[in-house]
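Asker: Got chain A; can you put chains B, C, D and E on it based on the hints?
Each chain, written out:
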Amino acid sequence: MNELLNVLTEALGKNLPLWIVLSSFSVGLVIFFVQESSHRLRTTLNLLAAVVKLALVGVLLWGVYHGQVYEVRWVIAPNLELLLHADALSMLFVTLSALLWLVTTVYAIGYLEHSPHRSRFFGFFSLCVSATVGLALAGNLVTFVMFYEFLTLATYPLVAHKGSDEARKAARLYLAYTFTGGLLLLVAVVWLKSIAGPLTFVQGGILDTLPAETHSALRWIFLLMIVGLGVKAALVPLHGWLPKAMVAPAPVSALLHAVAVVKAGAFGIVRVVYDVYGVEFADVLGVLVPLGIVAAFTIVYGSTLALFQDELKKRLAYSTVSQVSYIVLGTAILGPLATVGGIVHLVHQGLMKITLFFAAGNYAETLGIHRVSQMNGVGKRMPLTTLAFTLGALGMIGIPPMAGFISKWYLGLGALEAGVLLWVMPVLIASSLLNAAYFLPILYRAWFLPADSWPDEHIQAQRWETHGMLLWPPVITASLALLAGLFASLPFSPLEWAQLITAREYK
Amino acid sequence: MNEAASVVWVISLPLLGALLATVWRQYAATIGWVSSALTAGCAVWLLWVVQRAGVQELALGGWEIGLGISLYADGLAAVMVLMSSLVVLGCSVYARHYFRAQRQHELFWPLWLLLATALNALFLAGDLFNVYVTLELLGISASALTALGAKRAALRAALRYLVVGLLGSMLYLMAITLLYAAYGTLNAVQIAEALQVDPLGWAALLLMLAGLALKMALFPLHFWLPPAHSNAPAPVSAALSALVVKAAFYLVVRLWFEVFAPLTTPLLANALGALGAMAVLWGSWSALRAERLKLLAAYSSVAQLGYLVMFFPLLAVLEGEARQWLFGAMVLFALSHAFAKSALFLAAGILLQYAGHDRIRELSGTTQALPLTTFVIALAGIALVGLPPSGAFLGKWYLLDAAFKTGQWWWVLVLVAGSLLATAYVFRLLGHAFGHLPAVKRPVVAATQEIPALALALLATFGLGLGAMSLWSWLAHTGTGAGL
Amino acid sequence: MVGLSAINPQFLYVCAGIFLFAIGLWGTWLHAHYVRKIISLNVMGAGVFLTLIAVAYRGEHLPPDPVPHALVLTGIVVAVSATALALVIIRRLEDATDE
Amino acid sequence: MILDALSVLLLLLGLFFFVSGLLGLWRFPDTFARLHALTKADNLGLGLVMTGLLFQVPDVLWAIKFILVWLLALVASAVNAHLIAVFLHRQQEGHDESA
Amino acid sequence: MNLLDGLWGVLDLLLVAVLLLLAMAAVLSSDRRRSMMLFIVFGLVLALVWARLHAPDIALAEAAIGAGLGGALLMATLRRDTHQQTDQFPQHPVVLWGVGVLVMVLGTAIAWGLFSVLPTVEQTWRKGAAVDAQLAFSGVSHPVTAVLLNFRAWDTLLELAVLLAAIFGIRALGYVRSAYVTEVAFSQLAVWLVPLLILMAGYVLWAGAHSPGGAFQAGALLAGAGILLRLAGYSHAGLPTTRWLVRLGLVAGTGVFLLVGLGLLGWGQGFLHYPIAYAKWWILLIEMLATVSIGMTLTLAFMGGIPQKEAA
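Chains as they are written, first to last, in my numbering: chain A, 1 to 507; chain B, 508 to 991; chain C, 992 to 1090; chain D, 1091 to 1189; chain E, 1190 to 1501.
It is worth saying that the hints were derived from the structure and are not from the lab.
All C-beta atoms, glycine included, are put in the ideal place defined by N, C-alpha and C.
Among the clues, some could well be false.
Claimed, not checked - Simulated DEER-style distance windows between Cβ atoms: (1) LEU1173(D) x GLY1391(E): 23 to 33 Å; (2) ALA1123(D) x TYR1392(E): 37 to 47 Å; (3) ALA1163(D) x SER1376(E): 32 to 42 Å; (4) LEU1158(D) x SER1330(E): 23 to 33 Å.
In isolation and in its complexed conformation, chain A is listed as follows:
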């Protein structure tokens, strides 16, 4: 097994990251031209691309774990180059997105059985993933910004896919938010580059050597970057587009809000704080505390708003707004444990949230229910989906042994270690309570209340409660979340990997 992998790594050579990005990009372009009617060809292409990407990522993971350096450099203009570099942090995000892309592809094929424009959908779908993977593997801020803007372009058609006026309006709003954010980020990066020269990511940051008079400029740049990235990471004032983008089909909102767009923002903030500024230097600059405050406020604000949403997907959207800010909170607290908590939550939140969205999609697709009030007795009718939903919900609340518990646990420890317990602990507790407040009634309604009639039930229950391709993805992701929680200490678990990253971040 070992030699086979070594042979493979040599064969693919050091520009493996390029193949990973191109694999889904090229398939995406091909799918655009596939005839609408040829389902089989499109499905095979999709699944093939997803599996190939996962395999390549596996090889990459093995290589990086053994300390092999993967770097692809392409000079596009004088002192401006595209750099794809696989380091520990990018591996975490790449693995998550590759894995979840495979699961979401299966789910999407099932979900979009009879809907129009599927070639266009899957084309943009794979472009979007290649943008996310590119963003994760970016070796310097220039490449990061390019893939960041490319992600905006790839996701806009997905949000507008349904074509209804509401979908187009939501897409326009989404574009307005994300493009302005992208532009501000671009301006900040160019400004930083004019001060600090090449912006290659170096673990522990590159800006601490800069003279004192540039510090005020660096603060402004940090603010601009956080606003630019905050739009996608849905920090409070900039989160307006997220609930409205729920109008998109379920696989899109699952992929967008669990893996691609939202995480890109959070991942960006992690990259900026750790690999550009360096967390110690950022603390010296005094920018971490305001970031923490904004994150904390978002957590509480998101959870409270989620309480009042009757629509299931809107409630999950607001819960995403708050959950992503855990990652930002983890970054904002100066201390290895908090960092571990933040980074590991990046993966855990992805697994749990995608399960919830899959389940919500199943309910909508099978029983035609979109509102929490319609979910009475759903457990009996669709036991497996509701079980997955329950696991995901419990994870969100942070009940052991689910993955969510671990990240909150580390965040708490980190806060204790950094001595900021006073305002972080109440936030964690309050948000957990709020999570419980908006998730438990759903579970209670689903399991214990008698089922009332579902007028527009699409798929009758034959052997399984719903279409095979719709059922198994949520179950898989729910079990993954459970495993990530239970076997957190295994060598390849997200927690271990997060600890590996944090060890290198702190000098």
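Answerer: Below, chains B, C, D and E alone, put in the same frame as chain A:
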């Protein structure tokens, strides 16, 4: 055939094609696109020659420079010739199926090839009066092409365009009179060496800038451009927006950095930059409010030209390598706009042909029916807004970088506002592609029409976005003080 | 300035040329009807050409400098071809408005 | 010397006829009379000026050209006068029925 | 001697005064037809000015092309212009004076620039010295023709292309309908005048080599003949009736010029680099065809495109 012959052939080929297309009018189309293909090949040869053997200065007729006319091909000129011949080739392949009326078809090609001749002759001219004659040839053939449709709106636009062109040329000619009176020669390089900072120099610069600003449709003098570019037939408006306006810009660059180098103070550059900024804001705002697609594209040309002019104040202040990079970025921005705008106009032509109108609000059905054309419009939109994989993105990157380095931060604000407005008007267009109308059956649109538009759009985005590094090495062979 | 004993013809004609240029520019800018614009344009052109030839004039006995003469010849031909095109467009516009 | 004097005399005579033609143009009431005055007086004036200059001419070829100029001027003014007259006449006749 | 200079001075003042007055009248007058008439007279006076400034070539060209053909074109355009004839300046007087001041400022800037240079430049170099030095090698003895067809041959080639572009534009605008009503006296004049004009054109073309004249002036004379025929009622104005012959004629001038240039390039001499011994004949060949092309172009321009009758 020595190297210098490439300079002559790249101008004579389209002229020869024009003459042949006139006499054998039934083969006009084939002669047309064959000669534009040959010219493109010649342009590549010219670029290769300049790259290898350095600047080519060809004294025509064997007379020494002061007496005879010299053709001057340096890195910048060769790149612009390549740009113009690629766009002309794309539009020629497109135009083979564009004109329905046979008569219009025959009359299009001679004028079109004369336009191509004028462009190449202008880029390679080394003599200021020769530039005047090429400017006139350009103006007359362009306005004749605009009037091709003989519809009232097109005629009025063509007339206004012709009069404006003549006015600009007259101002330019008066400037030549001054320069000739003072220095007794018409050769650009000789005048550049002899030029002193005196009232005559200032008067000549003022006149030339006014004349060329008129031809370039710089902000206060841009009123003639939107009707002309939106009423002309599609391949013509593509050439007008992408090339003809750019030729005047190229002349301003040549004069600003080479001939009038001692006179161009940063203050004057800032004034020009301010005009550019106003052009960006006004152009983008009117593009947003434009009702018709071709009008939107025309207003966006006014805005994009504003961006190009905004490079001047930064180039006036920077030195050495940073200035060379910014100069290359300006040329890259010009190339990217040329390819993107011509692709957009060609796509608009297809939509117009298919739907019979190009009112943006009622286009959703058409965009559904023509996915490839919509994809071309999307790519062109990316390049116009300046999103990553496009040349314009790199252009804007260096503009921002220079603005921060020189501390002139206000250009950043203009750029941000311009980009936001640009996104608004591009995605207002693309929003319709996702409309809910039932998809009409697949229409029959000649592939030879969609392929060139797609090729130009891909060139603007991925071609220049990723492969732009060689451009800087080509520009390294620029002549005397052109920015280096 | 050179002593203007007898009015030096070159000075006189250069002034005339510049004045014609100015009046032509003024007319082109302000006239609404295009025929009047074209007439003013031609006057402006005549102004430029007069300045050019006045510059080339080298006194009574010396032959003048031939280069500006060639330039003006070319200029006249170019001006007339542009005028011809413009006038035909105007004629076509007049017909179009009649129909 | 005599030739110069003769030329000056003839030129003055020619000038006199031109001035009289001008007076005619200015004073005469209707166009027909003006046409009459112009063609008659100016042609004669031109003839006199031409003969005056004949004496200054260096060689025969020039003389032939001068005479050619005069003949052409004669023919042209005659035909023009005729055309204008015809046009005017037709226009006046046309007043009762539409032109 | 100063009496003669005085007289010249008076003549100059008179000429300039008349010229400027005519120009002002042409631009400012409210009646469109009067302004056109004044413009034609302005053209003729301008021809006089060129003669005064020792520029006979340009005097010829101005009289034939500028005033003559330009005037004819203007008249043809205004012939059917039945709309109201007056052009009041629509703008507000502030705009009128504002633009006036702006234009004056530009004028003074030019004047200031020129006069700071003109008096001093006399000594620095004798303009045209380069031309006189190389005149012997140019194959023609008349300096202006030498500059036009040899030293700056490329300009002339492009200028022929400009004429071509203009006529293509005119042809593209469609067919010409109404011919002119024939007038007996006039057609008789045409019968006599046209051959004379053609003879004159030949003479001017030939004379161009050693004295003022050349392709453009000869072409203008040919065009004059063509216009005369057109006005005399011949709807074809003497042009060949077969359509492709007309097109070949239009293209001949530029075509030969280009082919000769490229031929010389191919032959190793260099683009438009005539061998000194045969320069005169190459130039003559080019000039002959250029004359034909210019004549045809300007006639067609006056007609405003291809006659209707057999244009089907």
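Asker: Each hint should be assessed against the structure and marked as holding or not.
Answerer: A quick look at each hint next to the structure:
1. LEU1173(D) x GLY1391(E): 23 to 33 Å: holds (28 Å)
2. ALA1123(D) x TYR1392(E): 37 to 47 Å: holds (39 Å)
3. ALA1163(D) x SER1376(E): 32 to 42 Å: violated (20 Å)
4. LEU1158(D) x SER1330(E): 23 to 33 Å: holds (25 Å)
The structure is inconsistent with hint 3 alone, although it conforms to all the rest.
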